[in-house]
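Just so you know, we're using the UniProt record's numbering here: the sequence shown kicks off at 1 and counts up by one.
To be clear, the hints were calculated from the coordinates, so they are not data collected in a lab. A hint or two may mislead.
[Said to hold, decoys possible] Lysine to any residue pairs mimicking SDA-like chemistry, simulated, CA-CA at most 25 angstroms apart:
| # | residue 1 | residue 2 |
| --- | --- | --- |
| 1 | K85 | L126 |
| 2 | K280 | V169 |
| 3 | K327 | G256 |
| 4 | K170 | E322 |
| 5 | K168 | A65 |
| 6 | K327 | V124 |
[Said to hold, decoys possible] Computed spacing ranges between beta-carbons, pair by pair:
| # | residue 1 | residue 2 | range |
| --- | --- | --- | --- |
| 7 | D282 | E166 | 14 to 22 angstroms |
| 8 | L247 | T125 | 20 to 28 angstroms |
| 9 | K168 | G112 | 47 to 55 angstroms |
| 10 | E209 | K71 | 23 to 31 angstroms |
| 11 | K233 | L329 | 21 to 29 angstroms |
| 12 | N271 | K165 | 33 to 41 angstroms |
| 13 | D265 | R79 | 17 to 25 angstroms |
Being a predicted model, the structure only gives us computed values, none of them experimental. Where a beta carbon is used, it is the ideal one built from N, C-alpha and C, also for glycine.
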Amino acid sequence: MDSMRPVTRKWIFIIVAFIGALYIGTGTEAESFIKERKAVLAISEAYHLNEAEALEKLPLKERIAEEAKSKYIAPIDARIDRVWKAIPGYNGLEVDREQTYEANKTKRADAGITWVMREIPPRVTLEQLEPQPIYRGNPNKKMAGLMINVAWGNEHIEPMLATLKEEKVKATFFLDGSWLNKNPDMAKRIQEEGHELENHAYSHPNMSELSAGLQAQQIEKTKRLLETTLQVKNKWFAPPSGDFNALTVQTAHAYGLKTVMWTVDTVDWKNPEPSAIIRKIDAKVEPGSLILMHPTPSSKAALPGIIRTIRGKGLLPGTVSETLSEKRLDVELVEPR
Numbered sequence: 001m002d003s004m005r006p007v008t009r010k011w012i013f014i015i016v017a018f019i020g021a022l023y024i025g026t027g028t029e030a031e032s033f034i035k036e037r038k039a040v041l042a043i044s045e046a047y048h049l050n051e052a053e054a055l056e057k058l059p060l061k062e063r064i065a066e067e068a069k070s071k072y073i074a075p076i077d078a079r080i081d082r083v084w085k086a087i088p089g090y091n092g093l094e095v096d097r098e099q100t101y102e103a104n105k106t107k108r109a110d111a112g113i114t115w116v117m118r119e120i121p122p123r124v125t126l127e128q129l130e131p132q133p134i135y136r137g138n139p140n141k142k143m144a145g146l147m148i149n150v151a152w153g154n155e156h157i158e159p160m161l162a163t164l165k166e167e168k169v170k171a172t173f174f175l176d177g178s179w180l181n182k183n184p185d186m187a188k189r190i191q192e193e194g195h196e197l198e199n200h201a202y203s204h205p206n207m208s209e210l211s212a213g214l215q216a217q218q219i220e221k222t223k224r225l226l227e228t229t230l231q232v233k234n235k236w237f238a239p240p241s242g243d244f245n246a247l248t249v250q251t252a253h254a255y256g257l258k259t260v261m262w263t264v265d266t267v268d269w270k271n272p273e274p275s276a277i278i279r280k281i282d283a284k285v286e287p288g289s290l291i292l293m294h295p296t297p298s299s300k301a302a303l304p305g306i307i308r309t310i311r312g313k314g315l316l317p318g319t320v321s322e323t324l325s326e327k328r329l330d331v332e333l334v335e336p337r
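Throw the hints in and build the complete structure from the sequences for me.
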């Protein structure tokens, strides 16, 4: 009997329990009902008591293979949405069976398994989609991106940087090229704080009103300035005032940039009360949101509350690149049992 496989012993135990529960003999209708209930309970109890025991007695590689099935999370492909346009994918998650075996092969048989996980990329990525604007990250990713468009408001940048530093949060600053040309030291200061720097055209035009050549000039000039001044490899383009057309998206794509819009607009250029901005964030922020602001008195004052509100929703505030990345937030290289 000791040489029997655990699963075989389990089913023998279940069958014996079933027969024992049924062996009550003939009786009243009530006794028949009780007899059936005892049989069901006996099977259930026998199965669940022995399931864990059976798994624990399997050879380690078999046990890992069996339990790994319940830890698998399928990746999500990037897609074009009718409303939100281009939406990034999100990596799946699975057990790295070889690494998990290596991490556990010298442990006692009755010790819990330490799981080594790895991410699974989606079949379709954002890079593979046709050029479309991006308004949000994947709704399964519990992040919210902070995008700060800069063409003026220098006096509010330092206080906003101080808040971000205190809160240990990184944001994405989209820089107007003419502003960058006049304020390279301030741009360098933003960069030194670890924030992402991206493209906001050169002279804050309405892109949809420009010819193909002028649109290209606006994007290319700032892209080149970011690289020569700050050694930034630009990859995102935020159209000034959110004004763009299909030509804008195609032109940005030709320069290797994806057009980024927003999910939640603070409308801080209208100088709302900071409390009104925070209430708006509280009502609208969700996983994958991109939050637009500028260096204004309203956003400067609201920024601590914006960050607290995002965190209060169980989300992580961060950069546009982090929010739009397919990388999982919950992945651990080693996951305890």
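Quick rundown of the hints versus the structure:
With a C-alpha separation of about 11 angstroms, the suggested pairing of K85 with L126 holds against the 25 angstroms cut-off. Only pairs whose Cα atoms come within 25 angstroms are accepted, and K280 paired with V169 is accepted, the gap being roughly 20 angstroms. For the given pair, K327 sits about 21 angstroms from G256 by alpha-carbon distance, which is consistent with the 25 angstroms threshold. As the CA atoms of K170 and E322 are separated by approximately 10 angstroms, the hinted pair is consistent with the 25 angstroms bound.
This hinted pair does not check out: K168 and A65 have alpha carbons roughly 40 angstroms apart, beyond 25 angstroms. For the hint linking K327 to V124, the alpha-carbon distance of about 14 angstroms falls within 25 angstroms, and the restraint holds. Judged by the Cβ atoms, the range 14 to 22 angstroms given for D282 and E166 holds: they are separated by roughly 21 angstroms. Look at L247 against T125: about 24 angstroms separates their beta carbons, and that is inside 20 to 28 angstroms.
The hinted range of 47 to 55 angstroms is not satisfied by K168 and G112, whose Cβ atoms lie roughly 33 angstroms apart. For the pair E209 and K71, the beta carbons lie near 53 angstroms from each other, so the given range of 23 to 31 angstroms is not met. Taking 21 to 29 angstroms as the suggested C-beta distance range, the pair K233 and L329 conforms, at roughly 24 angstroms. For N271 paired with K165, a C-beta distance near 25 angstroms fails the hint of 33 to 41 angstroms.
As the Cβ distance of D265 to R79 is approximately 24 angstroms, the hint placing it in 17 to 25 angstroms holds.
Checked against the numbered hints above, the structure breaks hints 5, 9, 10 and 12 and satisfies the rest.
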